[in-house]
Amino acid sequence: MKPSMGKIIGLTGDEAIAYAVKQCNVDVVAAYPITPQTIMVEAFSQYVHDGEVDTEFICVESEHSAMSACIGASLVGARVFTATASQGLALMHEMLYAASGLRCPIVMGIANRALSAPLNIHCDHSDMMGSRDSCWVQIYAENAQEAYDWIIQAFKIAEDPRVLLPVAVNIDGFILSHSMEGVNTLEDDEVKGFLSTRKADLKVDPDKPITVGAVCLPDYYFEVKRQQVEAMKEASEVIREVNKAFEALTGRRYSLIDTYGVEDAEAAIMCLGSTAGTAKAVARKLREEGLKVGVIKPWVYRPFPTEEIVKATKGLKALAVLDRACSFGAPYGALCSDVASALYSSGKTTKIFNGIYGLGGRDMTPSQVEDIFKDALKAAETGVVEEPVKFIGVRE
Amino acid sequence: MVALKELTTEELFTSGHRLCAGCGAGTNMRMALKALRGPTIIVNATGCVEVASTIYPYTAWKVSWVHVTFENAAAVASGIEAAYKALRKRGAYDKHVDIIAIGGDGGTFDIGLQALSGALERGHDFLYICYDNEAYMNTGIQRSGATPHGASTTTSPAGKKIPGKPEFKKDLIGICAAHGIEYVATASPAYWNDYITKVRKGLEVEGPAVVHVFSPCPLGQRFDPSESIKVARLAVQTRYWPVYEVENGKYKLNIKVRKPKPVIEFLKIQRRFRHLFQPQFKHELDAIQRWVDENWRRITRLCGEEIP
Chain W
1 MKPSMGKIIG LTGDEAIAYA VKQCNVDVVA AYPITPQTIM VEAFSQYVHD
51 GEVDTEFICV ESEHSAMSAC IGASLVGARV FTATASQGLA LMHEMLYAAS
101 GLRCPIVMGI ANRALSAPLN IHCDHSDMMG SRDSCWVQIY AENAQEAYDW
151 IIQAFKIAED PRVLLPVAVN IDGFILSHSM EGVNTLEDDE VKGFLSTRKA
201 DLKVDPDKPI TVGAVCLPDY YFEVKRQQVE AMKEASEVIR EVNKAFEALT
251 GRRYSLIDTY GVEDAEAAIM CLGSTAGTAK AVARKLREEG LKVGVIKPWV
301 YRPFPTEEIV KATKGLKALA VLDRACSFGA PYGALCSDVA SALYSSGKTT
351 KIFNGIYGLG GRDMTPSQVE DIFKDALKAA ETGVVEEPVK FIGVRE
Chain V
397 MVALKELTTE ELFTSGHRLC AGCGAGTNMR MALKALRGPT IIVNATGCVE
447 VASTIYPYTA WKVSWVHVTF ENAAAVASGI EAAYKALRKR GAYDKHVDII
497 AIGGDGGTFD IGLQALSGAL ERGHDFLYIC YDNEAYMNTG IQRSGATPHG
547 ASTTTSPAGK KIPGKPEFKK DLIGICAAHG IEYVATASPA YWNDYITKVR
597 KGLEVEGPAV VHVFSPCPLG QRFDPSESIK VARLAVQTRY WPVYEVENGK
647 YKLNIKVRKP KPVIEFLKIQ RRFRHLFQPQ FKHELDAIQR WVDENWRRIT
697 RLCGEEIP
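Listed in order, the protein sequences are those of chains W and V. Here the numbering used here is used: the first residue of the first sequence is 1, the next is one more, and so on. Here the numbering used here is used: the first residue of the second sequence is 397, the next is one more, and so on.
No lab work stands behind these hints, which were simulated from the structure alone. Glycine included, each C-beta is placed from N, C-alpha and C at the ideal position. Any given hint could turn out to be false.
To be verified - Calculated cross-link-like contacts (lysine-lysine; reagent style DSSO-like; alpha-carbon spacing at most 27 Å):
| id | chain 1 | residue 1 | chain 2 | residue 2 |
| --- | --- | --- | --- | --- |
| 1 | V | 458 | W | 203 |
| 2 | W | 199 | V | 481 |
| 3 | V | 652 | V | 597 |
| 4 | W | 192 | V | 458 |
| 5 | V | 481 | V | 565 |
| 6 | W | 280 | W | 390 |
| 7 | W | 208 | V | 458 |
| 8 | V | 565 | W | 203 |
| 9 | W | 208 | V | 626 |
What the hints assert, rightly or not - Which stretches of chain V does chain W cover? Using the computed rule of at least three CB atoms under 8 Å from a CB of chain W, they are:
| id | stretch |
| --- | --- |
| 10 | 478-491 |
| 11 | 545-556 |
| 12 | 575-586 |
Build out the structure end to end from the sequences listed, making use of the hints.
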């Protein structure tokens, strides 16, 4: 393994994504500004206006048109990127399904933010969770480094002929989007070597006329959706392959899930995004005190890493699954529901409970995380879950 | 203007599609494709033409054709245009590609207006054709921003109290021309050489162009399928549908209707206006005639013409 000789650059999460996109030789970016994604489009505009990229940047008049333009560009064989957050993703919602249904390998950066009403510009995952079933590959980064690394991998995953699905790379709004870190970057040539120019075997070509986006009535629609199910399944294996290739280039290991200390843990916390960093820090402290706790962080939320999660929870007696979004009226938040399904169908009896936290950007403090670990350890010891859904840090 | 013998005999919009008998939109599509000049991609908004011409696994289009959703044909076209700029830069495609976005009046006047405005403002090199049958015909004749005053639709029915649509038609050309684009025009399939010439002109312009073509609809405007072109011709001859163009901001009247027929000639053969011919709604017919006269004066004035 030959680690990359790229520079370490101070970048916010948004800037890290823009920098990665700059290196990925993207043909078209169509995007609309929205807090806390704005820095991505601002930084990228600067690259365009300074002549650092050849990309056609379309400053569209809405997120709906952003995704529409991305779909058009992607269908004719271009490599395409966009970025948004919150209301923007909600406005795009219709087009997310069109993008995946038309098998457009678009990559999108999302700076996760709460949905109105009431208006709130801070982090939670209700935006992406609201579009959970749109057949996008969904990745959550823990920090700016991961955001940078996943963007580069995302194009390779999306454009793989076995997948041909769009990929969303999520970063926590403000917590990651606006926080600066040292990011290990690759040289431009290294990215170019890793990610060749998009080769679209199937595309809209004016010289070989085809019809794309025809009406599919009950006699064909179902088969189209069934193929998307298969593509999503294939994506798991493609992601594993791309992760291996990326590790060979950078020395940085990625997978469908990230784990910390679960090998000998009795209780663990599972969560997405930046909160996993806090959870790992707290787990480290508790482990030093002799408590057997661990952390599971799905990097990839769709396709859901059932196999990896079942394996990672093998020795666990209790698991606290944290959701940064409500699924109103559902038994649990979305992540916890998925975990419960995965564990149930594998016959596991690990005790699980759900913590809903951080809505509208409310902080999740280390002491709160510590309390959750202790609740999980208690459930592991007694075999009893006292409260199946806890709301963390809210005035009741 | 293009002459009949100059037109290609090749049919790029083929028969076998499932548009209604007498549908003007099908005629409009067939004619528009006679104006093509090279590699072309069509972006079709959801609507009559789209659903009736591409029921999987069939297609009536012999040119590359894309449908994404209803309100975004202009935005999809923007993306395609930008993509070809990028592909040319990296040597992946070297020819010019003509991009035509097509939408009905619902997809253009109403739900697609924002996407159209955005694309016009950004200056993408594409042609937008609005085939205007003056209501949401695909979903079963609901009123749109293009439906004329008094017309009965399923959401502006001829009621006992309110006789059809109270509002007047939106000025699409005025809105498009206000973007300062190089070419905007109206057309009618009854004047095929004017229409086809305008489609070609719209393609030749470097930048956005809009052609707004009247689309007779036997089912929704309610007339015999054999009378589509007659309706389209009467629309022009009554001055209901002035045929003009705006080139680099300069208005030009293409069809000078010197001896107009009264607008009731156009109204009376369409059953969507039938209720207005009851004596108590005489004032509505007068109101439509006044609108036609005023609109004609406004447009001829813009064209620098005096045709009373």
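Checked hints:
no.: 1; hint: V/458 to W/203; result: holds, 16 Å
no.: 2; hint: W/199 to V/481; result: holds, 17 Å
no.: 3; hint: V/652 to V/597; result: holds, 20 Å
no.: 4; hint: W/192 to V/458; result: violated, 37 Å
no.: 5; hint: V/481 to V/565; result: violated, 37 Å
no.: 6; hint: W/280 to W/390; result: holds, 20 Å
no.: 7; hint: W/208 to V/458; result: holds, 9 Å
no.: 8; hint: V/565 to W/203; result: violated, 39 Å
no.: 9; hint: W/208 to V/626; result: violated, 37 Å
no.: 10; hint: 478-491; result: holds (count 10)
no.: 11; hint: 545-556; result: violated (count 0)
no.: 12; hint: 575-586; result: violated (count 0)
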